[in-house]
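Participant: Line by line, the protein sequences give chains W and R.
Every letter in the first sequence is one number past the one before it in this note's numbering, and letter 77, counting from 1, is 79.
Every letter in the second sequence is one number past the one before it in this note's numbering, and letter 75, counting from 1, is 83.
No lab work stands behind these hints, which were simulated from the structure alone.
Any given hint might turn out to be false.
Looking from chain R toward chain W, a few residues come up when the C-beta cut is under 8 Å (computed) [unchecked claim]:
(1) GLU58
(2) GLY59
(3) THR63
(4) ARG83
(5) GLU85
(6) VAL97
(7) ASN100
(8) ILE101
(9) VAL122
(10) LYS149
No residue lacks a Cβ here, since even glycine has one placed at the ideal position from N, Cα and C.
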Amino acid sequence: MKQTTKLLLFASITLIFSACGGKSQSKIEQPAVEETLEDEVSLEEDYMLPQPITLVHLFKDAGLSFTPGLTNPASNKTRYVKKVDQLLNLGVYSTDLAYCALNGETQSAREYLTALQLLGTKVGLEKVFSDKTIVDRFDKNLEDLDKLEELIYELQEKYDSYLEGNDLQSLAAVEFAGAWVECVYLGTTEAKKDPNKFSVAFVDQFSLLSNIVKGLEMQPTDDKRIVRIKALMNDLLTTYDGLPSVKKASDNSNFDAPVLTQDDMNQLSRRILQLRKEIITPTNK
Amino acid sequence: MKKFLPNFLIGIFVLILTSSSVLQDDNSFEAQINAIKQDCKDKLDGARYEGSKVTYFVPGTQKQTKTVEVFFLLRGEYYVAISAKKASVPVNIRLFDAAEDVPERTLLKEYKNVGDQVILLKSEELNELYRSKVPEVERLKNLFVDYQIAAGKPPVKEAVVMVMGRKPL
Chain W
3 MKQTTKLLLF ASITLIFSAC GGKSQSKIEQ PAVEETLEDE VSLEEDYMLP QPITLVHLFK
63 DAGLSFTPGL TNPASNKTRY VKKVDQLLNL GVYSTDLAYC ALNGETQSAR EYLTALQLLG
123 TKVGLEKVFS DKTIVDRFDK NLEDLDKLEE LIYELQEKYD SYLEGNDLQS LAAVEFAGAW
183 VECVYLGTTE AKKDPNKFSV AFVDQFSLLS NIVKGLEMQP TDDKRIVRIK ALMNDLLTTY
243 DGLPSVKKAS DNSNFDAPVL TQDDMNQLSR RILQLRKEII TPTNK
Chain R
9 MKKFLPNFLI GIFVLILTSS SVLQDDNSFE AQINAIKQDC KDKLDGARYE GSKVTYFVPG
69 TQKQTKTVEV FFLLRGEYYV AISAKKASVP VNIRLFDAAE DVPERTLLKE YKNVGDQVIL
129 LKSEELNELY RSKVPEVERL KNLFVDYQIA AGKPPVKEAV VMVMGRKPL
């Protein structure tokens with residue numbers, strides 16, 4: 003009998019360790035919610051958002067040039083202590099990395115890559131961002147913009163797969179909100195000067211906004227900062243949807259895009275600036 | 009009291025064995041999804057990865073529809089590979105130019121009971137099809153992919169996998 007007891011004790015301990023070790027990937031703080039099979043199914047209406055670099059491409063293809071000093075300085079990376087700030091600015095820096103790389107500002111791009119690695123590691127995504135070979139490959143290809151672009155897409159793919167494989171897509175929603183706001187902020191400065199030139203690109207960017215807001219609404223958190231950003235984004239969406247040119251346009255975004263006027267652009271710009279400031283300013287401790 | 013320890017340990021043993029098997033099932037399900045994702049990526053014909061979306065569902069007593077909205081924001085050709093291999097029930101795929109609540113949305117194409125095959129959509133082909141149906145449009149920027157999932161048993165989690173890539177101009 004003693005033998006059986008010992009055997010059972012040994013087997014139980016072994017199984018406890020193996021069961022606990024089954025999913026050893028680091029999890030980000032999420033409130034404990036009992037999940038049922040029904041909770042694990044996808045939404046009736048879901049979406050696939052583009053990569054931050056695609057957002058930057060959209061503006062670049064419309065003629066957006068590089069303006070020094072617009073991006074969030076990479077040196078701010080150590081100021082983000084709260085996880086939500088780190089996630090939002092992970093998105094901001096993803097856009098800044100793409101903006102610099104696509105415009106040949108490779109040294110700045112490299113700084114943003116390092117900032118991404120730091121913030122990514124801090125939010126528990128070290129498996130994606132701790133790969134030192136990324137920086138090495140980046141350094142080797144500083145002169146080859148196509149290769150740099152390829153590398154950014156590759157990093158993004160790694161990031162996506164990791165989040166999806168570890169049921170962490172809700173983090174992607176926060177990160178993408180930061181990336182999108184940074185991108186429309188970068189576009190605003192030039193677009194205000196020439197609304198006609200950038201109107202279509204802006205309308206395309208805004209076609210993503212309702213889904214971004216939806217992603218934030220799904221956050222399993224009542225973090226004050228997320229609540230505030232959600233409110234500002236909702237305000238931006240309401241303002242956009244309320245613009246006369248947008249109201250006149252079809253609900254089908256494949257039809258003729260609304261033409262944004264100078265006044266429209268000014269209204270959007272004010273809100274974008276406020277939102278961006280909110281995102282890049284670290285939470286007071 | 010003497011019997012308590014062995015009985016208690018047997019209880020723990022059974023409990024852990026069960027949860028360990030659930031974890032293994034879960035891991036094996038995820039491994040299968042990853043393999044399907046790779047199949048889809050392989051179909052992208054060298055297009056640069058843009059994103060993926062796994063749509064999870066549980067077959068029920070009634071048919072259900074799940075929609076994934078995708079964006080073709082840039083010029084160049086987008087490739088979308090879809091696999092319903094991890095679905096035990098028939099799945100139809102219907103492609104629309106707008107969401108369900110938009111009146112007069114256009115059905116671009118329909119694939120019935122896709123089975124194990126990977127469906128590959130190409131934006132250029134879809135654009136041509138779209139222009140033939142709605143001449144005033146230039147191109148698709150927004151595509152709504154409906155999965156019509158038939159009723160069925162058993163009640164376990166299943167999935168449809170989508171992977172998108174783009175070939176720049």
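Participant: Next step is simple, just say for each hint if it's right about the structure.
Facilitator: To see whether the hints hold, each was checked on the structure:
| no. | hint | verdict |
| --- | --- | --- |
| 1 | GLU58 | 6 Å, holds |
| 2 | GLY59 | 5 Å, holds |
| 3 | THR63 | 5 Å, holds |
| 4 | ARG83 | 7 Å, holds |
| 5 | GLU85 | 14 Å, violated |
| 6 | VAL97 | 14 Å, violated |
| 7 | ASN100 | 16 Å, violated |
| 8 | ILE101 | 14 Å, violated |
| 9 | VAL122 | 17 Å, violated |
| 10 | LYS149 | 6 Å, holds |
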